[in-house]
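If you read the sequences in order, they're chains A and B. With the numbering used here applied, the first sequence covers 1 to 380. With the numbering used here applied, the second sequence covers 1 to 380.
In case anyone wonders, no lab produced these hints; they're calculated from the structure. There's no promise every hint is true.
For chains that are exact copies, the list does not tell them apart, and a pair is met inside one copy or across any two.
As the list claims (entries may be wrong) - The calculated lysine-lysine pairs, modelled on DSS-like cross-linking and capped at a C-alpha distance of 25 Å, are:
1) Lys349 <-> Lys89
2) Lys363 <-> Lys376
3) Lys376 <-> Lys245
4) Lys191 <-> Lys70
5) Lys245 <-> Lys261
6) Lys376 <-> Lys75
7) Lys245 <-> Lys70
8) Lys88 <-> Lys218
9) Lys218 <-> Lys70
10) Lys245 <-> Lys48
11) Lys363 <-> Lys89
12) Lys86 <-> Lys363
13) Lys48 <-> Lys75
14) Lys89 <-> Lys376
15) Lys218 <-> Lys349
16) Lys88 <-> Lys164
17) Lys191 <-> Lys86
18) Lys88 <-> Lys245
19) Lys191 <-> Lys48
20) Lys88 <-> Lys191
Number of protein chains: 2
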Amino acid sequence: MSTRFGKDLTRRGFISKVGQGLAAVNVAGTLLSDARAQLRVPEPPGKKLGWAIVGLGSLSINQILPAFSKCEKSKAVAFVSGHPDKAKKLALRYGVNAKNIYNYENYDTIRDNPEVDIIYIVLPNAMHAEYTVRGFQAGKHVLSEKPMANTPAECQQMIDAANKADRKLMVAYRCQYEPYNREAIRIARAKELGPTQMILADAGFPMGDPTQWRCNRKLAGGGSLMDIGIYALNASRFLTGEEPKEVNAMMYSTPGDPRFKEVEEHVTFQLRFPSGILSNCSSSYGYFHQSHYRVMGTEGRLELDPATWYSGLRMWIERGNVIDSIDLPVVDHFATEMDHMSDCVMQNKTPLTPGEEGLRDLKIITAIYEAAQSGKTVTL
Amino acid sequence: MSTRFGKDLTRRGFISKVGQGLAAVNVAGTLLSDARAQLRVPEPPGKKLGWAIVGLGSLSINQILPAFSKCEKSKAVAFVSGHPDKAKKLALRYGVNAKNIYNYENYDTIRDNPEVDIIYIVLPNAMHAEYTVRGFQAGKHVLSEKPMANTPAECQQMIDAANKADRKLMVAYRCQYEPYNREAIRIARAKELGPTQMILADAGFPMGDPTQWRCNRKLAGGGSLMDIGIYALNASRFLTGEEPKEVNAMMYSTPGDPRFKEVEEHVTFQLRFPSGILSNCSSSYGYFHQSHYRVMGTEGRLELDPATWYSGLRMWIERGNVIDSIDLPVVDHFATEMDHMSDCVMQNKTPLTPGEEGLRDLKIITAIYEAAQSGKTVTL
Numbered sequence: 001m002s003t004r005f006g007k008d009l010t011r012r013g014f015i016s017k018v019g020q021g022l023a024a025v026n027v028a029g030t031l032l033s034d035a036r037a038q039l040r041v042p043e044p045p046g047k048k049l050g051w052a053i054v055g056l057g058s059l060s061i062n063q064i065l066p067a068f069s070k071c072e073k074s075k076a077v078a079f080v081s082g083h084p085d086k087a088k089k090l091a092l093r094y095g096v097n098a099k100n101i102y103n104y105e106n107y108d109t110i111r112d113n114p115e116v117d118i119i120y121i122v123l124p125n126a127m128h129a130e131y132t133v134r135g136f137q138a139g140k141h142v143l144s145e146k147p148m149a150n151t152p153a154e155c156q157q158m159i160d161a162a163n164k165a166d167r168k169l170m171v172a173y174r175c176q177y178e179p180y181n182r183e184a185i186r187i188a189r190a191k192e193l194g195p196t197q198m199i200l201a202d203a204g205f206p207m208g209d210p211t212q213w214r215c216n217r218k219l220a221g222g223g224s225l226m227d228i229g230i231y232a233l234n235a236s237r238f239l240t241g242e243e244p245k246e247v248n249a250m251m252y253s254t255p256g257d258p259r260f261k262e263v264e265e266h267v268t269f270q271l272r273f274p275s276g277i278l279s280n281c282s283s284s285y286g287y288f289h290q291s292h293y294r295v296m297g298t299e300g301r302l303e304l305d306p307a308t309w310y311s312g313l314r315m316w317i318e319r320g321n322v323i324d325s326i327d328l329p330v331v332d333h334f335a336t337e338m339d340h341m342s343d344c345v346m347q348n349k350t351p352l353t354p355g356e357e358g359l360r361d362l363k364i365i366t367a368i369y370e371a372a373q374s375g376k377t378v379t380l
Numbered sequence: 001m002s003t004r005f006g007k008d009l010t011r012r013g014f015i016s017k018v019g020q021g022l023a024a025v026n027v028a029g030t031l032l033s034d035a036r037a038q039l040r041v042p043e044p045p046g047k048k049l050g051w052a053i054v055g056l057g058s059l060s061i062n063q064i065l066p067a068f069s070k071c072e073k074s075k076a077v078a079f080v081s082g083h084p085d086k087a088k089k090l091a092l093r094y095g096v097n098a099k100n101i102y103n104y105e106n107y108d109t110i111r112d113n114p115e116v117d118i119i120y121i122v123l124p125n126a127m128h129a130e131y132t133v134r135g136f137q138a139g140k141h142v143l144s145e146k147p148m149a150n151t152p153a154e155c156q157q158m159i160d161a162a163n164k165a166d167r168k169l170m171v172a173y174r175c176q177y178e179p180y181n182r183e184a185i186r187i188a189r190a191k192e193l194g195p196t197q198m199i200l201a202d203a204g205f206p207m208g209d210p211t212q213w214r215c216n217r218k219l220a221g222g223g224s225l226m227d228i229g230i231y232a233l234n235a236s237r238f239l240t241g242e243e244p245k246e247v248n249a250m251m252y253s254t255p256g257d258p259r260f261k262e263v264e265e266h267v268t269f270q271l272r273f274p275s276g277i278l279s280n281c282s283s284s285y286g287y288f289h290q291s292h293y294r295v296m297g298t299e300g301r302l303e304l305d306p307a308t309w310y311s312g313l314r315m316w317i318e319r320g321n322v323i324d325s326i327d328l329p330v331v332d333h334f335a336t337e338m339d340h341m342s343d344c345v346m347q348n349k350t351p352l353t354p355g356e357e358g359l360r361d362l363k364i365i366t367a368i369y370e371a372a373q374s375g376k377t378v379t380l
């Protein structure tokens, strides 16, 4: 009998295995070299590209701006905000030149600022397309937060604008850049648990203030699926390395709840992949916080819980009667993804999560909504 | 940040809390008195009813027969088997009188054996209905293994036969009789994690020998859903205390795999309950063993993993930033359910899981197959 707390439990991984032999070196070494190769983490010191942060909400303030201190190829040099006082305070804190503070009206003049190489769009979903396209028209490269936009058509506009401007477009799927999720991808695709049979992925949290933009359909494009269920969807795709061909779904929103007057609360959705893998996912703005996935192979299972939080990710692998807890290097997700983007710009490489990656998710999200509304399996 | 292994983790429950105060006494005391009241565990010593075991396969040999040593109201007094040598050996081991060994031809003469009060049907699914009906015609009470039968019509025949004979019919949903699952039911229905928003339940294991009856459609009635997915379905129902009104499903079986020529390998299914709760479930004969459910409330989550194994069940409750590991009394599932049945017979009470409980699952299973085949939501 295997248990998480029982005597069969062992802990493995980078930290605990250092110096314990070749196996440890192999595991960690493979991961690091793999990460270095795929994420192209530069050797310090390197040139730092200049970033403009568009939108100074809580994600920018609490995660993105602090992350620059851990970047090796990226520095914050400009802000775009509708709140000049907040922008000035943050400019002082992060050493951004006050002349590099823009608002949404004069945003396009950023074309004349050679300090800015890359624009990071951290706005409500409905604004991603417009501000991305304007960013490309200003000659800059663009990293857009997820979901990429409200509709596949908007995503396509963003891709077209990038192509026209010959600039890089990347979607901020930060989980694809950090070691736990990358190791899960490696294990699943290498069939180390046997061929993957099923993915089980769940993501949600209890939505707070009903007046925030995430509860506004026009700004958010949808509810929990757009905002947090996209993690379960994206994980299903990156763990399998396949694109789903069929979807089923159900939705439910608590009647009379002011948070869900315009956007959906709960979604359950199922994906069928070409190889036969099924994925069973949930998304919620109503249940207790959860960020979890399992890769079910024929010979074992891999679990990440939490799988997508900014920190504190945990991984277990169960094979036979043993559950291993896997420790991996902890990185700042935002610093890692921003440095990847900078590196792609410097080296003229395509990002790991280009615009097409965001477009695929939006097409599937659209199909999930259609399946839930029609009560029929939707073919992609 | 809460983690299963981090410093925030605490262990609570019956064993670790003994002597630590009133809270512990309340938790354990409530559970035990609740279990005693609902399961009617008798005060020893009590009269033991005589049981006939029909079918001496691995479940009978490895689980059911050894369990009688832990029973307070039940004793094995007869066997019905197509293998007289095996039956004789087991009769010697368990002190069963050799004259009480029946075969499938003379089974009906068990009516003349006053030592036998209750018949436990441990046969392939397709034989449950016939041997249950014949058991009632012999004037005995019947406990049937799950799934109750291959079709709702067969389940109804069994219920009708019980009513006609005025005898008890119970379905062996052993999880509804053991403390971990009962405590999960109590917590969910008492809304201790806030109102339940979603149930996530998964059950499966890698099927072995393709020649066994479970891979034979005529005998098994179906594949993983009938055999193991029924645990996820039953859990969704007993945790919510509601009956689903809509189902979605997808199925997949590996082409060319001899195990899945006749029965399905993987099923994902979704249930919508009247209160709005959604349940997202999976079932498999192809993925690594898994027996897991989560109750997602608004203010916390409860996890059982494994949830349905014969022993070694583990429970966690996460609320705020703390994950508690819950220890509860360990019981023999089979002894507990058999004593419940004996007690119901002695006291002329309806079992906690009567025939109607098995019929409901079979109706839903039928709808799940229909939904998977049609690609449409099926209304129940």
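Going through the hints against the structure:
Within a single copy, lysine 349 and lysine 89 get their C-alpha atoms no closer than 35 Å, and across copies no closer than 73 Å, so neither meets the 25 Å cut-off. Proximity of lysine 363 and lysine 376 under a CA criterion of 25 Å is satisfied in both settings, with 17 Å inside one chain copy and 21 Å between copies. Taking identical chains as interchangeable, the C-alpha atoms of lysine 376 and lysine 245 lie at most 25 Å apart whether they share a chain (14 Å) or sit on different chains (16 Å). For the identical chains of this complex, lysine 191 and lysine 70 are neighbours neither inside a copy (33 Å) nor across copies (44 Å), given an alpha-carbon limit of 25 Å.
In this homomeric assembly, lysine 245 and lysine 261 come within 25 Å of each other (Cα to Cα) only across copies, at 24 Å, whereas the closest approach inside a single copy is 31 Å. Proximity of lysine 376 and lysine 75 under a CA criterion of 25 Å is satisfied in neither setting, with 48 Å inside one chain copy and 51 Å between copies. Proximity of lysine 245 and lysine 70 under a CA criterion of 25 Å is satisfied in neither setting, with 40 Å inside one chain copy and 52 Å between copies. In this assembly of identical chains, lysine 88 and lysine 218 lie within 25 Å of each other by CA distance neither inside one copy nor across copies; the values are 29 Å within and 75 Å between.
Taking the shortest Cα distances, lysine 218 and lysine 70 never come within 25 Å of each other, neither inside one copy (35 Å) nor across copies (63 Å). Taking the closest pair of Cα atoms, lysine 245 and lysine 48 never come within 25 Å of each other, the shortest separation being 41 Å inside a single copy and 58 Å across copies. Proximity of lysine 363 and lysine 89 under a CA criterion of 25 Å is satisfied in neither setting, with 39 Å inside one chain copy and 64 Å between copies. Taking identical chains as interchangeable, the C-alpha atoms of lysine 86 and lysine 363 are never at most 25 Å apart, the minima being 36 Å within one chain and 60 Å between chains.
In this homomeric assembly, lysine 48 and lysine 75 come within 25 Å of each other (Cα to Cα) only inside a single copy, at 6 Å, whereas the closest approach across copies is 79 Å. Taking the shortest alpha-carbon separations for lysine 89 and lysine 376, neither the intra-copy value of 52 Å nor the inter-copy value of 55 Å comes in at or below 25 Å. In this homomeric assembly, lysine 218 and lysine 349 never come within 25 Å of each other (Cα to Cα): the closest approach is 34 Å inside a single copy and 58 Å across copies. Taking CA atoms no more than 25 Å apart as the test, lysine 88 paired with lysine 164 passes in neither setting, with 34 Å inside one copy and 84 Å between copies.
Taking identical chains as interchangeable, the C-alpha atoms of lysine 191 and lysine 86 are never at most 25 Å apart, the minima being 49 Å within one chain and 42 Å between chains. For a Cα distance limit of 25 Å, the shortest separation of lysine 88 from lysine 245 qualifies neither inside one copy, at 48 Å, nor across copies, at 56 Å. Neither within a single protomer nor between protomers do lysine 191 and lysine 48 lie at most 25 Å apart by alpha-carbon distance, with minima of 38 Å and 53 Å respectively. For the identical chains of this complex, lysine 88 and lysine 191 are neighbours neither inside a copy (51 Å) nor across copies (47 Å), given an alpha-carbon limit of 25 Å.
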